[in-house]
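**Q** Sequence:
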Amino acid sequence: IPHFLHNWFGYDMNIGRDANVAFALTVIMDLWHWTPLVTLTLLAALLALPKDPFEQAQIDGANRWQIFWHITLPMIRPAILATVFIRLMDALRTVDEVWMLTGGGPGAATRYLGLHIWKTVFPKTDYGYGSAISVIVLYMTLVMCWILYVALVAPRQKKAVEQ
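Following our numbering, the numbering of the sequence shown begins with 75 at its first residue and continues without gaps.
Fair warning: there could be bad hints in the mix.
[Unchecked claim] When the alpha-carbon atoms are kept at most 25 Å apart in a straight line, the in silico SDA-like pairs for lysine to any residue are as follows: (1) K198 - V209; (2) K125 - T115; (3) K193 - V209; (4) K232 - F159; (5) K198 - C219; (6) K232 - C219; (7) K232 - A156; (8) K232 - G178; (9) K125 - D104; (10) K193 - G181.
Since the hints were made in silico from the structure, they are not lab data.
Just so we're clear, the structure is a prediction, and the values are computed from it rather than from any experiment.
Could you build the full structure based on these sequences and the hints that come with them?
**A** Spelled out as structure tokens, the structure:
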């Protein structure tokens, strides 16, 4: 990336020196990597929506913002929540992209949690500390899964019992 920026725009960038640039590049790389999955998931949710509620809302005189806020958003809420939690859980294990781009540097600017665990266990052979961090990450992931379950499955079960 720095090579292309220098050739195209004349901007000399060294990600080994500037922590802000290194962090920004890892964020851009992550967005570039995962935006298609998020886009396709949300597009599939939008395409699966039934047409009847939208037609009824237009007949009732709702504007586009009201239709989006009161019909579209609540109907695609499960897909949004699932996508957000998948991305959060995946972000906890980011290692390979950051390792290839910056190696965790400069300093510790891009030393995310997954890379921190990897650098603790393998080069330093501190298996106890690395395992402790991994268990904490496991519990964080379990809490996120529980939140997703409560947000998505529990309301549906409650509606099924009421009917």
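**Q** Are any of the numbered hints broken by this structure? If so, which, sorted upward?
**A** 5, 8 and 9
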